[in-house]
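Use these hints to put chain B onto chain A, whose structure you have.
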Amino acid sequence: MSFDQSEASRAAQPEIATSRRPQGRRYLFVLPGLASGIVSFAITLLALVLVTFAMTRLSPIDPALQLVGDHASQSSYQQARVELGLDQPLPVQLGIYLKRLLTGDLGVSLSTGQPVLSDIARTFPATVELATAAIVVASLVGVGLGILAVLKPGGAVDAIARFVSLVGFSTPIFWLGLLALLLFYARLGWLPGPGRLDVAYAYTVEAVTGFGIIDAFLSGQDGAVADASAHLVLPVLVLAFYGLGGIARLTRSALLDELGQDYVMVARAKGAGRARIVLVHALPNIVGPLLTVLALAYAHLLEGAVLTETVFAWPGIGRYLTTGMFAGDAPAVLGATIVVGTAFIFLNAMTDLAVGRLQKRRGR
Amino acid sequence: MSAVSSLTQHSPVRRLLRKPALVIGTAIVAITVVVALFAPVIAPFDPYAQDTAIRLMPPDAIHWLGTDAFGRDLLSRLLYGTRPTLLLVLLVIVFMAPAGVVIGIVAGYFGGITERVLMRVTDVVMSFPRLLLAFAFVSLLGAGIFNGGLALALTLWPAYARQARTETARMRASDYLAASEMLGIPGWRLLLFHVLPMVLPSATVRVALDLSGIIIAAAGLGFLGLGVKPPAAEWGSMVAEGTQVVFDQWWIAAAPGAAIFILSLGFNLVADGLRDLMDPRHG
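Quick note, the sequences are listed as chains A and B, same order.
If you use our numbering, the first sequence corresponds to residues 1 to 364, in order.
If you use our numbering, the second sequence corresponds to residues 365 to 647, in order.
Just chain A, with the same shape it has in the complex:
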């Protein structure tokens, strides 16, 4: 997705933020860095909450009406409005909203009848499992492709890398998921279909950790682990393909930039081969931008999981969110948005911090 390009360019110059600090007494400045990181994380988070609050106010969905139903009397409707604080002025409502969020109260889901927080606690591990497996695959293949492309610019692998990232940016992930299901499940029968476990295990494997493979292992049943792993393959590959293009493209361009530096010329003059220069000299120097891109990709995979989970009937937070959307379940939609959004912003903030530290250690 070309959404990522602005972020890739941000990744390419992360040193701006740290360059203002004076030299010497270096460790004293780690703390302000950490503090400003926490402050900007908090501001972004607060802004996210404000945006979600604004959405609830702008939404034509009336929470009081949803609570009491269409046929309720005027008085019980009014009572529901008072209970929800809807009769208060906006700032007070915002205060109530913030207070509830801080105590972890995300409301009650209209479709499941459970507190949204416990619904999310139940579904989030499945999403983390999917996105983590996908980022591992995407990083290995993406960085590998980028390196191979740089070893021989203009060569066959370079062309393949460019092609893969171009196709990756252009493919709607839900469509790719459908086609993958059609081919590998319905036609070839190589891999299991939608869902997380076969029916044979669905009721016997207990959700202890929420992570499918671990739960399958804990259940001690023959074949349960293999079944859980097989169910992971298709959604993970589809999701990984979604993140692959950006990673490969950035690895390639960052390495090419690095290869234009003077030290590379020195290394070449001393007789180092292309592979050695790329792997030993250039690669360690792009760890910062690479880290940023991988973390951003991970955050985007958490987001992209919404569509992937819908296609693969994967019982994660993304499917919870879309089921909530179809049911007009505002608390579920908002809760899932806030939780995934927080994870997304947290990953961003952590990366900024890590890259800042890394850059300082390298004395840039």
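Just so you know, these hints were derived from the structure itself, not from any lab.
Please note that a few of the clues may not be correct.
What the hints assert, rightly or not - To spell it out: a stretch of chain A is covered by chain B in this simulated footprint if at least three of its residues, at any positions, have a beta carbon under 8 angstroms from a beta carbon of chain B; those stretches are:
{"id": "1", "stretch": "53 to 63"}
{"id": "2", "stretch": "89 to 97"}
{"id": "3", "stretch": "169 to 175"}
{"id": "4", "stretch": "267 to 279"}
{"id": "5", "stretch": "304 to 315"}
{"id": "6", "stretch": "328 to 334"}
{"id": "7", "stretch": "343 to 357"}
What the hints assert, rightly or not - From the derived model, a few chain A residues whose C-beta atoms are all more than 10 angstroms from chain B:
{"id": "8", "residue": "L86"}
{"id": "9", "residue": "Q114"}
{"id": "10", "residue": "A156"}
{"id": "11", "residue": "I160"}
{"id": "12", "residue": "L178"}
{"id": "13", "residue": "L188"}
{"id": "14", "residue": "A207"}
{"id": "15", "residue": "G210"}
{"id": "16", "residue": "V340"}
Even for Gly, the Cβ is constructed at its ideal location relative to N, Cα and C.
Just chain B now, with coordinates in the frame of chain A:
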């Protein structure tokens, strides 16, 4: 440095033709625009005409791409589907680019506390989960093409603001702007006629780069039922309609998805080509 020599040797048109990717991309986009404009003339059937006698038919000589679950001609729906897609893209651009550019110019020109506040807001929006917020926004405020465009634009403007700010701030120090100020040109005219024209080219290139992402995001909205309302033909929602029967009548979901892919690829090829032309280093 071969790019420099080729720059002097060939006319711009010949240089364009040497980039097959750019030519193919432009052709895809141009064809799509033509189809959108003349859909009623090109489409062989009425995209909304239902006929249960011929529902879920495989492609044949009459219905080139077959029919959907309501017996509607898939090809006609596909051709009509260019309209909401391009309309949504247009909406996003109309909302997003001006907002970002204005914020960036104001921040870069006035500096100080204005700049700090505006850029902080930009940073905050930039680290929002865009797709997710767009989904939540549309599902809470109501599905539709306008809300979809607005939702995507609301999270996409920061890149434009950053770029415009950097360029304006650089210009702020230029003699040319100082001279205009000394001539007594009032602030708003300065921004509108002297700063804006300098910022527009790069913003335009940015739009080209963003287009394919917008197409994909818009299709995602449609797939989740957050785009145009049925029975309107929209590619994302057509894929969703085909999902139920994908294992038997796979073409119903495959065809509109392929259309999304091809148009998005077209925009990507154009963007890549433009970037290569302007920045030979990545060529």
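The hints, checked one at a time:
| no. | hint | verdict |
| --- | --- | --- |
| 1 | 53 to 63 | holds (count 6) |
| 2 | 89 to 97 | violated (count 0) |
| 3 | 169 to 175 | holds (count 7) |
| 4 | 267 to 279 | violated (count 0) |
| 5 | 304 to 315 | holds (count 5) |
| 6 | 328 to 334 | holds (count 3) |
| 7 | 343 to 357 | holds (count 4) |
| 8 | L86 | holds (16 angstroms) |
| 9 | Q114 | holds (20 angstroms) |
| 10 | A156 | holds (17 angstroms) |
| 11 | I160 | holds (15 angstroms) |
| 12 | L178 | violated (5 angstroms) |
| 13 | L188 | holds (12 angstroms) |
| 14 | A207 | holds (25 angstroms) |
| 15 | G210 | holds (21 angstroms) |
| 16 | V340 | violated (6 angstroms) |
Consistency with the previously given hints fails for numbers 2, 4, 12 and 16, ordered from lowest to highest.
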